[in-house]
Amino acid sequence: MTAVTTIGTPVQQRQLKVYLELVRAANNKINLVSRRDIDYLMEHHVAPSCLFIVLKRLAAQEYILDIGSGGGFPGIVCAIFQPDSNFVLVDSTRKKTDFLRTVVEQLGLKNIKVLWQRVETMATEPRWQRKFDRTISRAVAPLTDLVQWSQPLLKKTGTVEALKGKLVATVEAKMLKQSVIFHTPPTDWQWNDHLATVTIATVLPK
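All letters in the sequence shown, in the order written, are residues 1 to 206 by the working numbering.
Any given hint could turn out to be false.
Straight-line distance between alpha carbons at most 25 angstroms, and here's what the computed DSS-like set of lysine-lysine pairs gives [claimed, not checked]:
no.	residue 1	residue 2
1	K113	K156
2	K155	K110
3	K17	K95
4	K29	K17
5	K206	K56
6	K56	K95
7	K113	K131
8	K95	K113
9	K155	K206
Using C-beta positions, here's what the derived DEER-type ranges look like [as the list claims (entries may be wrong)]:
no.	residue 1	residue 2	range
10	Q12	M175	35 to 43 angstroms
11	T184	M42	17 to 25 angstroms
12	R36	Q190	31 to 39 angstroms
13	T124	T144	13 to 21 angstroms
14	K29	T184	34 to 42 angstroms
15	P205	K166	22 to 30 angstroms
16	A3	D37	12 to 20 angstroms
17	S92	R36	19 to 27 angstroms
18	Q190	W116	31 to 39 angstroms
19	N111	P10	14 to 22 angstroms
20	R35	D193	16 to 24 angstroms
21	A141	T184	15 to 23 angstroms
Keep in mind that the hints were calculated from the coordinates and are not lab data.
Here a beta-carbon is modelled for each residue, glycine too, at the ideal position from N, C-alpha and C.
Given the sequences, and given the hints that come with them, work out the whole structure.
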C-alpha cells in the first residue's frame with residue numbers, strides 16, 4: 001500500500017483507478033506519458049499530483065487553472081480528490097483535450113472544464129482574466145513563464161503553484177521579483193526517489 005491509497009474516499013479511489021485504465025488504453029495513440037513511465041503511473045505521475053492535495057495548496061470553492069494539463073496530471077487527479085473546487089484544464093494539443101473530455105465524461109466529474117487553447121491566448125480573453133485563485137502545473141515551463149502567463153488570469157491574491165524538481169525550482173525562483181515559498185513532501189510521501197526530489201513552488205502575488 002502506498003500513501004496515495006490512504007487519501008480520499010472509496011468512490012474517489014475507484015475514479016482514480018478508472019482514470020489510470022483510460023490513460024493506459026490511450027497512451028499508445030496519444031502519448032500522454034512517456035512509454036517508459038506507463039508502468040510507473042502511480043509513482044511518477046499520480047503521487048506527485050496528489051502533493052497539491054496533501055500539502056493543502058488548494059482550498060474549497062476555489063477556481064483553479066491547470067496549465068498544460070496534458071494527460072491530466074495534475075488536473076484530473078486534483079479534481080478527483082478536491083471535488084468542491086472548480087478546475088479548468090487547458091492544453092494546446094487537440095488529441096489530449098479530447099482525451100481529457102472523455103475522462104471527465106466517464107468519471108462523471110462535474111467540477112472540470114476542458115479548453116483546447118494556448119494559455120497565452122486564454123490570458124487575453126476578458127472572461128478568464130482575474131478569474132482564478134491558483135494556477136497549477138507540472139513540468140510545463142520555467143517559473144518566469146508560468147508567472148507571466150498566470151498574472152492576467154489570477155485574482156489579486158492568487159498564487160502560482162508549480163510542481164518542480166527542488167534544484168530547478170531553487171534556481172528559477174532567483175530570477176523572479178516575487179517571493180517564493182517551497183513546500184516539501186512530508187516524510188511518508190517520500191517513498192520513492194522521484195518524490196524525494198520534488199517540491200511545490202508557490203509564487204506569491206506582488
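**Asked** K29 and K17: Cα distance at most 25 angstroms?
**Response** Holds, because 20 angstroms separates the two Cα atoms, which is no more than 25 angstroms.
**Message:** So if I understand the rule, the pair passes when the alpha-carbon distance is 25 angstroms or less; does K206 with K56 pass?
**Reply:** holds, 22 angstroms
**Item:** Outcome for the supplied range 16 to 24 angstroms, where the beta carbon pair is R35 and D193
**Value:** Hint holds: Cβ distance 20 angstroms, inside 16 to 24 angstroms.
**Satisfaction of hint between K95 and K17, Cα-Cα up to 25 angstroms** = Cα-Cα ~22 angstroms, so holds.
**Request:** Would you mind confirming whether the straight-line C-alpha gap from K113 to K156 stays at or under 25 angstroms?
**Result:** Between K113 and K156 the Cα gap is close to 22 angstroms, so the pair holds against 25 angstroms.
**Prompt:** That 22 to 30 angstroms hint for P205 and K166 (C-beta), does it hold up?
**Reply:** Since P205 and K166 have Cβ atoms about 23 angstroms apart, the given range 22 to 30 angstroms holds.
**Message:** Verify the CB-CB distance for Q190 and W116 against the hinted window 31 to 39 angstroms.
**Reply:** holds, 36 angstroms
**Item:** Hint consistency between K155 and K110 [alpha-carbon to alpha-carbon, up to 25 angstroms]
**Value:** This hinted pair holds, its Cα atoms lying about 23 angstroms apart.
**Prompt:** How does the Cβ-Cβ distance of T184 and M42 compare with 17 to 25 angstroms: does it lie in that range?
**Reply:** Cβ of T184 to Cβ of M42: about 20 angstroms, so the range 17 to 25 angstroms holds.
**Prompt:** Should the hint that Q12 and M175 are 35 to 43 angstroms apart at their CB atoms be regarded as holding?
**Reply:** Because 37 angstroms falls inside the window, the suggested range holds.
**Message:** For a C-alpha distance cap of 25 angstroms, please report whether K56 and K95 respect it.
**Reply:** Violated, at about 31 angstroms.
**Asked** Would you say the C-beta atoms of T124 and T144 sit inside 13 to 21 angstroms of each other?
**Response** For T124 and T144 the Cβ distance comes to about 19 angstroms; the hint holds.
In summary, the structure is inconsistent with hints 6, 12 from the numbered list given earlier, while agreeing with the others.
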